[in-house]
Amino acid sequence: MAESTSLRRAMAWPGQYRMLVMMWIRSSLAYPASFALTLVSTMLITGTDFVAVVLMFSHIESFGGFSLGEMGLLYGTASMTLGLADLATGSIERIGQRIRTGELDVWLIRPVPAFIQAVADNFALRRLGRPFQAGLVLVIALGHIELDWTVAKGIVLVVSMLTGSIIFGAIFVLGAAFQFISIDSAELANSFTYGGQQLTQYPLSIFGKDIVRAVTFIVPLAFVNYYPVLFVLGKPAPLGLPSWIGLLAPAVAVAMIALASVAWRGGLRRYRSTGS
Amino acid sequence: MSVIQLENVSRAFTVTSRTGLRRTKREVRAVDNLSFTVGRGEVVGYIGPNGAGKSTTIKMLTGILVPSGGSIRVAGVDPSRNRMKLAKRIGVVFGQRTTLWWDLPLKDSFAVLQKMYGVSRARHAENLATFVELLDLGDLLDVPVRQLSLGQRMRGDIAAALLHDPEIVYLDEPTIGLDIISKARLREFLAQVNKDRQTTIILTTHDLDDIEALCSRVMVIDHGHKVYDGTLTGLRSSQSAPRTLVVDLAASLPPITIDGATVTKVDGPRQYLTFPTTTSAAPLVAQIAATYPLQDLTIAEPTIESVIARIYANPAPVTD
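One line per chain: the protein sequences are A and B, in this order. The opening residue of the first sequence carries number 11 in this note's numbering; numbering runs sequentially from there. The opening residue of the second sequence carries number 10 in this note's numbering; numbering runs sequentially from there.
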């Protein structure tokens, strides 16, 4: 009985999310010129990242065992997953500000979960700039990679974009949940999300074993794109891990969703029982 | 029929204070053993000094805060457990912050709320038309909320809180910062809504004119305790605040001396005498008229501010 009502409630979430998102899109499209400018500028700013990589390759042949095309694949997947996660959930990082000003209370008096309102808040289509740019890099990179494509590899690549986005999204949510305890900790989450994207756009083998262990077992950023890409490219995994470790990305994503969900609920419960 | 029931409700907060290197934790009871019921259609003024526990009570009634003790029923449910279910049946206006979307035109905010609360299109249109007329929102519908003045925004917020036909509305300082005309119009509107829709209204305010104009019942809270619950008239007499007799004499004279009243101020020919609520004014007036050249006279009831100031200075918890 209780389960069927909570299931019914959960079924309403996508609709509620979409409704709020559409509202924000409409309001941002009220100023189309400004929207177009910010979209293009985001694309250009994020694009300079990859230009640096390309320039680097004018001096070297390969980097951490990756050719330029392979680097493009790694960069594209890192940027795409972060971009999609940021688009869908990035707004939640401002929760600390809402707690401080008491505006969180406004969400709590509405018949829509605070989480839905938090991730949809100020939904900005201009954040599509990064996924667009990432998509462009990916298309070019895939054209430069010589590889025996199989259906399995294709599926792994596509699924890894989704699971990678989920992992980044869960980190956004975990960071937001942490702000219920420490209001000014937004930057901490940023170091894992935006910082994580910086990290995962390079072959992790260049960073040394401790970093690889950390992003495998502690903050599983290596599952966002590195391990799936290694699988697709047929390269061996580091730390003596099996080459199929990239196939675990969906399981890691599910675990991250569970963790983020527990953390968010815990944070909200703490807020509602301390009122701070 | 009661729509709100509180039984022995408490809410404690842990306050950490730091003196030098030592951190001490102290429990503060923002609301302590509070009980009351509110009937359907009542308009209750909920007043108290800053930090008395008003906002904490409202937050518990809306389900935002979980009480640390006691039981609450609002519209038949436990607010903290059924927060989102209850949300459709209550409306909340936070005077200091808006529930509207800053960058959206007022009408877009209203449209989002319609979907969020699942109000039928027909009902939404009907309510919107009513509120646009009564709150004079016609010219404001296309204006983004951030460009509205405080009074305009408050009108928008109140309409937003009422669009889904809530049974209970909590208004936290709804008239704060408004000019006199806006205040009067808002009070008139709230009285109308209460009358037409039998909406239960809980009003926290520092503006005692709000209470005077709207509330049939007043609850005073201080240090988390209820110190008064009853009518406004009862509130005045309960504290036996002195009444004032303002006497205009034909000339400037030394202070009047009569039994039962004392002069507190002399302003030329005008003298101010205070006397207890328990004393009848008529014999005093007769005495003065018999011995002094009386030209005009008014009796001032104690201001509600002075009554409440006395309650705070001298709290006597109600027993009921």
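In case anyone wonders, no lab produced these hints; they're calculated from the structure. Some hints here could point you the wrong way.
Restricting the straight-line Cα-Cα distance to at most 25 angstroms, the calculated cross-link-like pairs of lysine to aspartate or glutamate (DMTMM-like) are [as the list claims (entries may be wrong)]: (1) B:K116 / A:D131; (2) B:K94 / A:D131; (3) B:K124 / A:D131; (4) B:K34 / A:D194; (5) B:K97 / A:D131.
With the Cβ distance kept under 8 angstroms, some of the chain A side facing chain B (calculated, not the full set) [claimed, not checked]: (6) M29; (7) S37; (8) G112; (9) P121.
From the derived model, a few chain B residues whose C-beta atoms are all more than 12 angstroms from chain A [to be verified]: (10) F45; (11) G72; (12) T107; (13) D112; (14) D117; (15) I190; (16) A222.
Built from N, CA and C at the ideal position, the CB exists for glycine as well.
Query raised in the report: Are there hints from earlier that the structure breaks, and if so, what are their numbers?
Result: Of the numbered hints, 11, 12, 13 and 14 do not hold.
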